[in-house]
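Asks: One-letter residues, chain by chain:
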Amino acid sequence: MRFVWTVAWRLLRDGRFQTWLIVGGVTIGVAVVVYITAIIDGLQANIIERTLSSQAHVVLRPAERLNQRAWDARAEVRTLADVRKRTQREATIGDVDAVLAAVRAVPGVQAAAAVASGPGVAQQGGVRKAIVVLGVDLADFQQVIRLDDKRREGTLSLAAGEALIGSELASDLGLAPGARVRLQSASGEVLSVRVAGVLDYGVQDLNRRRVLLPLRDAQSLLGYGREVTEIDVRVQRLFEAQRLAADLSRVTGLSADSWQAANSQLLTALRSQSESGLMIRFFVTLAVALGIASVLVVSVVQRQREIGILRAMGTPRQRILAVFLLQGGIVGLGGSLLGTALGAALAVGFTRVARNADGSPLFPIVLQPELFVSSAALATLVGVLAAWLPARRAARLDPVEAIRG
Amino acid sequence: MADVLRLQGVRKRYGGGASPIVEVLHGIDLTLADGAFAALVGPSGSGKSTLLNLIGLLETPSEGEIWLAGQPAHAATEAQRTLWRNQYLGFIFQFHHLLGAFSAEENVLMPVLAGRGRIHADDRRRARLLLERTGLAAHAHKRPVQLSGGQQQRVAIVRALMNRPRLVLADEPTGNLDSRTAQEVFALLRELNRDEGTAFLIVTHDAGLAARCDRQVSLQDGRLVRDSARVA
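Order-wise, the sequence lines are chains B and E. Just so we're aligned: the first sequence equals residues 971 to 1375 in this note's numbering. Just so we're aligned: the second sequence equals residues -11 to 220 in this note's numbering.
Keep in mind that the hints were calculated from the coordinates and are not lab data. Any given hint could turn out to be false.
To be clear about the criterion: a stretch of chain B counts as covered by chain E if any three or more of its residues have a C-beta under 8 Å from a C-beta of chain E, and this derived list gives those stretches [stated by the list, open to error]:
# : segment
1 : 981 to 987
2 : 1280 to 1287
Now the in silico label distances, taken between C-beta atoms and shown as ranges [said to hold, decoys possible]:
# : chain 1 : residue 1 : chain 2 : residue 2 : range
3 : B       : 984       : E       : 22        : 33 to 41 Å
4 : E       : 1         : B       : 1288      : 57 to 65 Å
5 : E       : 123       : B       : 1257      : 47 to 55 Å
6 : E       : 199       : B       : 1288      : 40 to 48 Å
Over the 10 Å line for every Cβ pair with chain E, so calculated as not near, a few chain B residues [unchecked claim]:
#  : residue
7  : 976
8  : 1076
9  : 1113
10 : 1223
11 : 1247
12 : 1254
13 : 1275
14 : 1276
Using N, Cα and C, we set each Cβ at its ideal position, and we do this for glycine too.
Using the sequences and the accompanying hints, generate a full structural model.
Replies: Here you go:
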């Protein structure tokens, strides 16, 4: 039997209604925090997943060609010149194996694939559709961008003379796996390929235009020889892509664009959403803290005489202080345990209610163990901090005044 | 026999600053021997409660010295006064002031728990022994609200003695009881005084009870006007 624990617990147990009131407040507050966090994290993870399902995290391309001044003037000489941007033709990357090896050696890079891309036309039965040809090594490319979840028809293979085409292109040209289609590049080269499979990227433009070919077939169709137009990279940590892009650019001398740079508006929206969530969490936490503090202040006033008796019989101030701080911690921890359970139940309930037309959840909820641990730790800490003023007031009570009431 | 309490020229003033200064006690000299059984009597407003608060180390004197169990209480820090209250003193109030969230036995153990922070098996044995001696063994696990007024006051008396204090201060311990129960409670105080060897200073308005104490100290207008020990 220890004083601080015993007295704190007994007084809480004795003040049943107040205790349940305060625990109920913490429970609702923590439930709101857990629910909002789970929904926002789930929504953001889903948006990022969908955005990046058909995009590389970092894309390396040859640097833009710039017009150079023929003569550099001395500092004191002012020159008047109008330097226009040069017309860009499809630039390529040579010595692909060496560049790939250099890229893969950079810490944080998970996979890299060489891509030869260029414009073209697909013809079938007199219908011509503009396409974008992507020549890839399928095994390498799948390490960067998943395709198995996008296969709608046929097989996921790219042997010489085969192609994987987008679902809308297949529909527009009336193509199915096994059918042949004629492809023509901008330079006039022609290649007849067999459709191995039809893919659904979840993005209309890609479904309408993208044609995947084996790397060698695309290089010969587009006239690149042994060269490629870009290196697609997958990184280990998604949000380090921007930093890694700078590293990769330095290592390879190529221009590097991260997915963040390519989707800056989306990131701004996500950041705003996170900040809104943070504000909600802050004010809910503040409300919980004020709730705990106000109930404990009332409790101190009600227990004044008992505190006076305890002080009169020789209880040190610090022990009285510890009793009320512990009470704050207990209600914070208890409320947070109930609150995380309630918040998780609400979030799971949301996924059952909010569903797509096909019955699948609108988006998956992210309920990470860290969320429970951090919520419980935060609520306990808030409980202790909120109890500070009431506890100090209790510890400073003059026993004579307190007993007299 | 050693003195458990010695007061020399103790004065207590209140107020100051914006409010006028009022002196409630005007130079009190008093000694109490170990094992004494004394009554402190006097009309309302004579300064009894103030004197009891000073002796109980709940307040500090404006002037004079208070020696408790050989310790200079008048010069003690707040922490020392808290420690000495726990070690040397027991309190009995007019209203029992038991802690409602705890059983009778736990209330009795509270001074040990308050001072040391934890209790041992020996403490439990003593608490049960005291409860048995006062006829409360069967009520040890009851909450104060489940006990009669007399039983509550007996639990409060046992609680005051739990830490083997040198001096018990009792403020109108029978003031809230009917006459029969008051007699029983007084008899219990007397018995514990003899058996435990603890000194008692009992504030009472009841002249009959005061007469049955070994010594009567009378206070009037903040001055000791009569001390039967000195008269004798």
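Asks: In ascending order, which of the hints set out earlier in this document are inconsistent with the structure?
Replies: Structure breaks hints 4, 7, 13, 14.
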